[in-house]
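Asks: Below are the chains, spelled out letter by letter.
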Amino acid sequence: MGGAVTLAAVILLGLFAVWSGCRVFVVDSMVRASFSLMLSFFCTGGIALVLHADYLGAATVFMMAVEMMVMAIFMIMFMMNPAGLNPMVMVHQNRLSIAAGAAAFALLAGAVLLSDLPDRPVDPARDTTANLGTELLGPSMLIFETAGVTLLAAMVGAVVLSSHRGRFGDTDAGACPPGLTEGGPPAGRRPEEGGGHGHGGGNG
Amino acid sequence: MTPLVLALPVALLAGAWLGAWLDRLVPVLWGRPAQGPFGPLRDGAALLARPTATTEAPDRLTRWLAPGTYLALAAVGLSVIPMAPGLAPLDSSVGIVVWGACEALTVIAVFLHGWSPNAPFPLIGAYRYVAIGLPVMLPSMFVLIAAALPAESLSLVQVVEAQREVWNVLRQPMGLPLFLLVGLTLTLRGPFDFADGADIAGGTSGQESGPGRALWQLARLTMLTAFSAMAATAFLGGPLGPGLPGPAWLALKTAAVMAVTVGLGHTVARTTPSQMLHPLWVGALPLSFLHLALAGWVAL
Amino acid sequence: MTLAIVLLFAAALFGIGLYGAMSQQSFVMLMMGLELMLNGALLATVGFWSLALDGAPEAQLLAIIVMAVMAVEMAVGFALVVAVYRARQADMTESIGTMKE
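Heads up: the protein sequence lines correspond to chains V, U and B, in order. Residue 105 in the numbering used here sits at position 105 of the first sequence, with consecutive numbering throughout. Residue 71 in the numbering used here sits at position 71 of the second sequence, with consecutive numbering throughout. Residue 96 in the numbering used here sits at position 96 of the third sequence, with consecutive numbering throughout.
These aren't lab readings, by the way, just hints derived from the structure by calculation. All clues stand as given, with none of them false.
A partial selection of chain V residues facing chain U, derived with a Cβ cut-off under 10 Å:
1) Phe35
2) Gly45
3) Gly57
4) Ala58
5) Phe62
6) Val66
7) Val70
8) Asp127
9) Thr128
10) Ala130
11) Gly133
Even for Gly, the Cβ is constructed at its ideal location relative to N, Cα and C.
So here's chain V without its partners, still in its complex pose (with noise of 0.2 Å):
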């Protein structure tokens, strides 16, 4: 691929890609946003592509088509209005969060357009899936494995924290949900006898 076209392809992926991570925070519905952060990361994947990195880039698409997957379901579980049929605004502090992102994107930009960055690309003829196999299992396995280690810790928490049944009986036990003002009344109902949203304690 030439580099003009491997520039015009860049800029498009990543166009789209800031296009669909703007998308996220502005469209309604929470299927929608999680599927627009999906297609900024499969920008990413496709620019990963471009730039030599087959298997990346692949890895890419499918990791993040089965985490926004979950991530759905999840926004659907726990948000109202999941459909998105209705308009919502969820934010605090949006001004200082403008203002921080705007700050952040122009301090990180500023050390990209002064700074000296070198200009040695990869050789497309190299075998790249080869080379992050063999540094996966070779020089840098330690990290591999500690990486593996720690992807089983987050498993085995995930497990633990997410149990309905803990140390010390069941863990809505006397839950309660926050008052709508400071130390005022529950909002919302109140979880039933033997704990459950509504389930009538099925899974005790």
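Starting from the known structure of chain V, fit chains U and B onto it as the hints suggest.
Replies: Below, chains U and B alone, put in the same frame as chain V:
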């Protein structure tokens, strides 16, 4: 490689027709009359002539995007499969990962197809499918990685080359059955048809009629084609074989896998999603671990 | 030239992600902001690997690590959301002003 890409639509359409006909041949198994080879075409034309049904406040873009994505995923999946030894339409060095990405995205395409009409039964179908689809994807990855082990490459061209002496189906006997389970899920068939089942009034396509429904059915059938070709490539040696040219062997093996998949889809009963989750997590997943370990041991 | 453009896009993604992580009230949306920041990091890593490091495999490894971080963040994050929801029926950041049981 460009001329081979032109063969893709032909292969997909021919496979879709064959899959649809096999669906209509199944009654022969229990001694009833079956339809002729023109049955699928007649039914397809009738479907196209019907008016489009609409629902209240649907997501119009996604409603067309979902079947389109499903169809595109089948095409991309098929494009990395070598049609003759050493010759794939899209010779990717990570073909197996590309196919894995197509599998993962299929779950999303089906979910969006159920979500977009903004109606209860399609949405229930979408949720049920995701609950089953995600755990099915895990054995799929292990099975595919195991198939890549003897080739020491993620490229499907190499996977085929590594099967010159002995096919993967003999080296890794558990691979094909596990992969058939994945195929039934990907094509929404039989025991894994939690998306479009008759028990929830057609599920994700319950509100569809006319061209949209026709496109969805076409996409399902093309995915069946792509899956069968993938199974034939990863486990049955793909285009390798004596006498006949490579594409003919691939077509024959694809048709055989397709017949088995369609037969399983029509003969195995479906259970409830909650009951299905248990065998998937407790049965299929450890089995695929074991399969990968055995395949690694054999490959060493 | 290409590297600078890739890095600018990565910076933009990071900035948007930071905005989301700071401004969203819903836990899940907040995590989307974090994911977007990691997306920027991933893009920058891939850009550096491909255009500035002569294809050093360690940079690809770093990209894999970024993906692993995302997976850990998702798993632990959602588990925390579930735990908080069980205890407080809350899915908004404002609802947990205290760490007390």
